[in-house]
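From first to last, the protein sequence lines are chains Z and P. Residue 76 in UniProt numbering sits at position 76 of the first sequence, with consecutive numbering throughout. Residue 264 in UniProt numbering sits at position 264 of the second sequence, with consecutive numbering throughout.
There could be a bad hint or two in this list.
Reference listing, derived: stretches of chain P covered by chain Z, where coverage requires no fewer than 3 residues with Cβ under 8 angstroms from a Cβ of chain Z [unchecked claim]:
1) 727-740
2) 880-893
3) 903-912
Pair ranges (Cβ atoms, derived) [said to hold, decoys possible]:
4) Z:GLU15 with P:GLU919: 45 to 53 angstroms
5) P:GLN929 with Z:PHE45: 50 to 58 angstroms
6) P:MET933 with Z:GLY42: 51 to 59 angstroms
7) P:SER165 with Z:SER94: 27 to 35 angstroms
8) Z:PHE43 with P:GLY78: 30 to 38 angstroms
9) Z:SER94 with P:GLU542: 51 to 59 angstroms
10) Z:PHE43 with P:THR271: 52 to 60 angstroms
11) Z:THR12 with P:ALA226: 39 to 47 angstroms
12) Z:SER94 with P:GLY902: 31 to 39 angstroms
13) Z:GLY42 with P:ARG950: 43 to 51 angstroms
One-sided excerpt, in silico: chain Z residues whose CB lies under 7 angstroms from chain P [stated by the list, open to error]:
14) MET1
15) ILE26
16) ILE46
17) ARG47
18) SER48
Keep in mind the hints are simulated off the structure, nothing from the lab. All residues carry an ideal CB built from backbone N, CA and C; glycine is no exception.
Residue-level listing of the chains:
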Amino acid sequence: MLLIHCPYCNETLPEAEFTYAGEAHIVRPPDPSALSDDEWEGFLFIRSNVRGPHYERWRHMHGCGRFFNAVRDTVSDRFLTTYPAGQPRPDLASLTAASEPSK
Amino acid sequence: MSQYRVPGRGRVDTSRPVNFTFDGRSYRGAQGDTVASALLANGVHLMGRSFKYHRPRGAIAAGSEEPNALIGTRRGPGRFEPNTRATVQEIWNGLETTSQNKFPSLKWDVGAVNDAAYMMFSAGFYYKTFMWPKSFWNKVYEPFIRAAAGLGVAPTEEDPDQYASRYLHCDLLIVGAGPAGLAAARAALAEGLKIVMVDENAEPGGTLLSEPQARIDGRPAWDWLAAEIAALKAAGVRIMTRTTAIGYYHQNMLGLCERVTDHLPSLPADTPRERMWRVRARQVVLAQGALEKPLVFHGNDRPGVMLAGAAQTYLNRYGVKVGNAPVVVTSHDSAWYAAFDLQAVGARVQAIVDTRPHVREDLVNEARALGIPVRLSHTVTATSGRLRISGVRVNPVSGATVGAGQQIGCDALLMSGGWTPSLHLFSHTQGKLAWDDDLSTFLPDWTREDCVIAGAGRGLWGIEAALKDGAERGREVAAALGKPGNPVALSVENDRPGSGVSMKELPTDRNPGRAKAFVDYQNDVTAKDLRLAVREGMRSIEHVKRYTTNGMATDQGKMSNINGLNIAADALGRPAPQVGLTTFRPPYTPTTFGAFAGYQRGAHFEVTRKTQIDPWAAANGAVFEPVGQWRRAWYFPKAGEDMEAAVRRECRETRASVGIFDASTLGKIEVVGPDAVTFMERMYTNPWAKLGVGRCRYGLLLGDDGYIRDDGVIGRMAQDRFHVTTTTGGAARVMNMMEDYLQTEWPDLDVWLTSTTEQWSTIALNGPNAAKLLAPFVEGVELTEDAFPHMSCVQCTVAGMPARLFRVSFTGEIGFEVNVPAPMGAALWEILWQAGQQYGIVAYGTETMHVLRAEKGYIIVGQDTDGTVTPFDAGMGWAVGKNKPDFVGKRGLARPDLAAKGRKQLVGLLTEDRSKLEEGAQIVFDPRQPVPMTMVGHVTSSYVSDAVGRPIALALVEGGHDRMGETVHIAMPDRVIAAKITGTVFVDPENSRLKI
């Protein structure tokens with residue numbers, strides 16, 4: 001079971017308190033009707049599906065109830081960081097440098 | 001004392017005899033014995049039959065890695081367990097055990113015919129043997145496979161035992177209480193450090209239990225061990241025995257299964273049989289030691305053939321001599337000591353056969369001094385004996401030439417192919433392994449977890465090396481935990497470090513194609529099978545594994561993986577590290593379902609949510625159905641009524657007078673705040689800005705893809721307050737979706753969302769007399785058409801209780817939903833029930849609710865929709881606010897596919913023969929078209945309707961809205977039913993019955 005840091009509660013808590021909520025930093029367009037079908041498809045369906053550090057959303061469902069963002073390595077399943085919704089993407093280089101495997 | 005028990009040896013207490021049975025026969029063992037050691041003490045080696053060939057088998061090991069000696073254990077009714085390893089199960093007075101995979105008896109087994117027909121069951125036989133003739137599959141092959149498949153017999157009775165589930169947090173978890181683990185604990189000890197050490201055995205000590213000859217710190221090993229255990233316990237180290245670390249999960253969480261009562265003659269009260277521990281440790285030391293490898297040669301599976309290290313354990317730990325005339329065959333030094341130990345207790349070792357041309361001089365000299373014949377550079381090419389080994393054929397090897405064989409009589413054959421570090425848990429961490437050329441085995445390389453490996457797990461052999469490495473690793477983790485650690489310097493005498501070479505199959509002078517040289521004993525995989533798999537094109541070790549099933553048995557390849565790899569690598573002509581190992585997965589050893597389930601069984605398996613009115617329904621004969629986690633009254637049968645009759649009556653009486661229905665499970669969300677109306681405008685398809693306070697509206701919720709997600713009636717209680725209802729099953733989902741949009745897309749909106757489902761009891765009254773029944777109890781509003789028209793809501797008092805009263809209808813009749821604070825629900829229900837007697841009130845359940853709504857064409861989200869249905873498909877375009885600039889799903893509805901012609905649309909169906917359709921049945925336009933037919937939709941709802949006088953149905957049909965009056969066909973297994981497409985409203989299309 002993963003341990004996840006809730007940036008709102010500022011506590012590291014077991015995964016069972018959280019639910020996954022899909023890729024992060026996908027903003028719903030302010031005026032969807034102005035979008036072409038292709039653009040709307042991109043917003044609605046197209047996801048990055050990365051191997052490695054992935055920006056994603058979690059919700060502290062059985063805690064404070066807040067949605068927040070995380071960077072998780074999809075290979076190692078390690079959380080590199082979590083941060084409140086609405087903040088910009090953290091710098092990936094500084095995060096991955098800190099998570100190199102140890103012998 | 002039995003013939004094979006050695007006085008003065010072992011840790012068992014022969015002064016405390018223990019009687020148990022095996023296959024109905026009584027045996028006597030000693031306190032501390034396992035089933036295997038006790039049977040061996042009685043001269044019994046034959047303990048089971050193999051899985052595929054039904055070959056006679058005995059215990060090959062002395063620990064949890066045992067692949068052969070699987071038994072059933074019984075402790076009275078319900079307490080039967082199959083596939084228990086006889087080498088692990090401790091005996092107690094009265095224990096009943098049985099062998100497996102045999103009929104009619106272990107000694108005379110019919111299934112052994114498979115052994116003679118072994119050519120049929122070669123690698124991949126599943127894919128080959130049963131392919132033809134095709135007609136044989138149903139009648140011959142499948143029943144045969146079903147009867148033969150599976151190990152042991154599943155228990156048939158409910159397990160009466162309790163299983164516990166616990167959490168444990170510690171600074172340091174040490175897995176394995178052998179020399180490395182003990183030294184690690186000693187070295188890491190520090191004030192304030194919580195250390196837990198676990199071991200799967202009945203007592204701590206590991207290798208030390210099998211090597212009493214060693215002296216540690218000037219004391220006999222067992223004396224040192226006892227003192228060290230006591231000292232560690234006194235220092236606060238928690239030592240858990242009979243506890244297996246079954247899995248290593250993310251972020252240093254380990255699963256431990258503690259066997260609490262399986263070794264006890266009587267069950268203590270209020271004690272679980274097993275405890276599953278979920279441990280979160282800051283640091284972990286894996287000190288699990290190494291597992292001995294068998295040698296691979298023809299006949300290496302006869303009862304009496306066992307690992308040399310196991311024989312040593314049986315002698316030194318259990319005081320059991322596994323034979324009087326053993327032969328040792330080995331490629332590693334360690335087996336020589338087994339020969340010496342057995343010779344010392346009076347066995348006559350017939351020969352030590354070593355595959356190596358050169359062996360340490362001191363070993364050879366000692367063998368000669370003890371009078372044991374030594375044959376270096378020799379191989380074993382066959383064994384003889386039916387139910388117990390009686391002889392072994394050994395041949396000299398010179399280069400690639402195998403010389404003439406010679407028979408040696410024996411009653412046991414002790415083999416050692418060297419040792420494999422136990423890296424299962426390490427592999428669970430996704431840890432990477434590195435091949436070590438000198439040891440020709442894999443060693444741990446790196447892992448992301450905060451975990452170190454100590455001792456034999458790193459390829460370090462001997463007690464001294466294990467103690468030294470354990471101490472170093474212990475100090476390492478202490479430092480990681482911010483503690484100084486302790487110096488540990490222990491001298492060891494009479495240590496038995498050794499080395500060896502790693503073999504594939506032993507060389508032979510026979511046709512290897514006919515050899516039964518077993519690699520995986522439990523799954524009956526031979527060296528020949530592995531080579532065949534490679535010849536037939538398997539290149540990846542993962543494919544070889546699955547094709548042959550090597551390493552796929554319940555022992556998880558503990559013995560077979562490295563031998564299998566060496567043989568496959570040789571067949572592939574590639575070095576072993578390039579071929580690689582298959583992945584180890586949890587659990588480390590077979591674990592009971594009970595331990596995983598813990599407390600979550602029976603009534604605790606899942607939550608059952610009940611409304612406040614549920615007890616009334618139960619007392620009044622309701623039949624219940626589960627809806628999500630709720631238990632809801634389904635229908636209320638009277639004496640002699642079946643479901644159809646009860647539902648028909650409930651429907652008729654509701655439409656004739658008044659029905660009462662418990663709607664408390666409806667999801668309820670309070671949407672409050674200055675921006676509440678803006679939020680509602682954006683979430684739901686409908687317009688809300690102009691909805692007056694005290695009015696309600698049917699709301700439709702879509703996803704941004706344009707498909708219906710949920711629906712419900714929403715009342716505006718105040719300018720800034722909406723009472724939102726959702727479907728029973730959708731409440732949590734809708735709440736989550738609303739929070740998602742509010743928090744992440746529109747954080748600027750000043751709105752609060754509160755789940756209020758359980759704060760209200762909701763009672764629905766429907767029928768022509770509903771207003772008459774309710775009116776006398778309502779204060780604050782008159783229940784007239786003018787004062788309180790259809791789709792009104794109000795905060796008022798009902799029977800003296802604060803209430804939110806809605807005038808809504810899910811039946812097409814005059815309808816009210818009374819919400820009162822949840823605890824008052826039962827009282828209000830009783831009041832209305834009593835007052836309703838004068839009108840012949842009827843209590844109805846969910847089935848009648850379904851029928852009444854279907855008669856009116858009201859949809860059930862999730863039944864008449866399936867996640868691909870738009871409001872327009874469902875005929876509810878009227879609920880979509882076309883003038884709103886945006887709402888969730890608006891852009892989605894404009895996607896070309898969603899606006900296209902020929903979409904499946906919700907229609908009514910009336911069958912021509914007046915039969916009731918089956919929900920889910922597929923619909924075609926032309927029943928005479930060739931198969932496979934083009935399916936054009938399916939039946940979503942189907943009921944017998946009392947009001948219509950015939951069965952009615954709702955269905956999704958391609959282009960259905962433009963096909964009114966057309967006939968479609970529903971194909972059933974026995975016939976084809978014709979039905980006419982109609983509108984979805986079967987009763988009162990003018991809504992005249994809604995008026996008071």
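**Item:** Hint numbers not upheld by this structure, sorted from lowest to highest
**Value:** 3, 4, 5, 6, 7, 8, 9, 12, 15, 16, 17, 18
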